[in-house]
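J.: The listed protein sequences correspond, in order, to chains A and B. Basically the working numbering = 1-based index in the first sequence + 836. Basically the working numbering = 1-based index in the second sequence + 32.
Hint data in this document are derived by calculation from the structure and do not stem from the laboratory. Since this is a predicted model, take the numbers as computed values, not measurements. Hints may contain errors.
Below are the BS3-like pairs computed for lysine-lysine, each with C-alpha atoms no more than 27 Å apart in a straight line [claimed, not checked]:
hint: 1; chain 1: B; residue 1: Lys43; chain 2: B; residue 2: Lys130
hint: 2; chain 1: B; residue 1: Lys43; chain 2: A; residue 2: Lys848
hint: 3; chain 1: B; residue 1: Lys104; chain 2: B; residue 2: Lys43
hint: 4; chain 1: A; residue 1: Lys848; chain 2: B; residue 2: Lys213
hint: 5; chain 1: B; residue 1: Lys135; chain 2: B; residue 2: Lys98
hint: 6; chain 1: B; residue 1: Lys108; chain 2: B; residue 2: Lys130
hint: 7; chain 1: A; residue 1: Lys874; chain 2: A; residue 2: Lys886
hint: 8; chain 1: B; residue 1: Lys126; chain 2: B; residue 2: Lys108
hint: 9; chain 1: A; residue 1: Lys858; chain 2: B; residue 2: Lys219
hint: 10; chain 1: B; residue 1: Lys104; chain 2: B; residue 2: Lys130
hint: 11; chain 1: B; residue 1: Lys213; chain 2: A; residue 2: Lys858
hint: 12; chain 1: A; residue 1: Lys900; chain 2: A; residue 2: Lys874
hint: 13; chain 1: A; residue 1: Lys886; chain 2: A; residue 2: Lys875
hint: 14; chain 1: B; residue 1: Lys35; chain 2: B; residue 2: Lys108
hint: 15; chain 1: A; residue 1: Lys848; chain 2: B; residue 2: Lys219
hint: 16; chain 1: B; residue 1: Lys43; chain 2: A; residue 2: Lys858
hint: 17; chain 1: A; residue 1: Lys858; chain 2: A; residue 2: Lys848
hint: 18; chain 1: B; residue 1: Lys108; chain 2: B; residue 2: Lys135
Given next are the chains, with one letter for each unit.
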Amino acid sequence: MDFRSLFTRKSKTSDIATQRLKLVLTQDRFDINEESMKKLQFELTQVLAKYFQFTMNSVSMSLKLDGNSYVLMADIPCGRINPEQ
Amino acid sequence: MGKVIVITSGKGGVGKTTSTANIGTALALIGKTVAIIDADVGLRNLDVVMGLESRVVFTSMDVIDKRCELEKALVKDRRVEDLMLLAASQRNRKDDIKPEQMKDICERLKEEYEYVLVDSPAGIEQGFHNAAAGADEAIIITTPDVSAIRDADRIIGLLQNQGIDGINLILNRLSPTLVRKGNMISKNDVLDILNIDLLGIVPEDTGVIASTNRGVPLVHNEGSPGADAYMRIARRITGQNIPIPEMREDNFFSQIINWFSRKN
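Extracted from the complex, chain A is given alone in its bound form (with noise of 0.2 Å):
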């Protein structure tokens, strides 16, 4: 046995299992699939191709979890902003 762990308080093994559920649930509630991933970035775009001139291939959107919730980054390289605008 080690002899540090006797005055090392163990962490409680609530506070891990709180822990954890909340990472699992982060990903459960975000657990999107790849078609509804692919129409919210198209409709996405539509909606950004009215105030600016981009590529549709130059764009690229991901989810990451970032701590405790998830973030959608979207990457959209922008050209000029339409002149109606």
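Knowing the structure of chain A, use the given hints to seat chain B on it.
T.: The following block gives chain B in isolation, referenced to the frame of chain A:
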């Protein structure tokens, strides 16, 4: 016009059927008219938990297939007035019933009864969708562990998607001692994670096993911690403002008192 409440959990074995039997019985004990539907087609159990297995003649399948009238298929409880059970067919499968058929039964029952409780099967498949089809409100049962809470979250998402507003939580089998020792997720953490309203907490009560053995719902055993918790839950369902007490640990003296007051 009554209210249809689906009792569900996602995960199996967290106490759906026990809770349905007890809430239904508790509502009837405080004078409400109650019909309980077992929606677990193929794996029915509510009849045995309520001690009515010998009285079941017809099932919801017989009503749907028009082999018998709805009123005739309802089984009267042995102990309490105005408590009825509509049993599930044991021969059929969950996808033999369609959501619209279940909804129709719920609609008809809520014209006659103040509360219609639907005991949902575990899972998120057809059986769950059938059970939730006619629901006005939902009660989610969970135990304070990672798997049950994860599944509860999934179910809450599906119910919200269906447009059900009143979704309340019952936290089942909470052990205050384990929470204090840091070995069980606390009430506040569960509520924080699931973000829905708490309807009640049912403490771990070994009396449940004896009550299921006998086929007499726990609420008949007045004074046991589980029975009291279900009675409070029933009163809250009827709109009474009953605060949720903090769970107390069993100490030496309370155990002695319990020992003497036990009726068994």
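J.: Is B:Lys35 within 27 Å of B:Lys108, Cα to Cα?
T.: holds, 20 Å
J.: Is B:Lys104 close enough to B:Lys43, meaning Cα to Cα at most 27 Å?
T.: This hinted pair is violated, its Cα atoms lying about 33 Å apart.
J.: Hint check: A:Lys848 vs B:Lys213, CA-CA at most 27 Å. Holds or violated?
T.: holds, 8 Å
J.: Regarding the pair B:Lys43 and B:Lys130, is the alpha-carbon distance no greater than 27 Å?
T.: Distance ~22 Å between B:Lys43 and B:Lys130 Cα, so the pair holds.
J.: Keeping to a limit of 27 Å between CA atoms, is the pair of B:Lys104 and B:Lys130 held or broken?
T.: holds, 21 Å
J.: Quick one, are B:Lys135 and B:Lys98 close enough, alpha carbons at most 27 Å?
T.: holds, 16 Å
J.: Straight-line Cα separation of A:Lys874 and A:Lys886 no greater than 27 Å?
T.: Distance of about 19 Å is within 27 Å: holds.
J.: Assess, step by step, whether the Cα of B:Lys126 is no farther than 27 Å from the Cα of B:Lys108, and give holds or violated.
T.: holds, 24 Å
J.: Holds or violated: are the alpha carbons of B:Lys43 and A:Lys848 at most 27 Å from each other?
T.: holds, 25 Å
J.: Hint check: B:Lys213 vs A:Lys858, CA-CA at most 27 Å. Holds or violated?
T.: holds, 21 Å
J.: Holds or violated: are the alpha carbons of B:Lys43 and A:Lys858 at most 27 Å from each other?
T.: Answer holds: B:Lys43 to A:Lys858 is near 18 Å, not above 27 Å.
J.: Has the given pair, B:Lys108 with B:Lys130, been kept, meaning a C-alpha gap of at most 27 Å?
T.: holds, 26 Å
When each numbered hint is compared with the structure, a violation occurs for hint 3 only.
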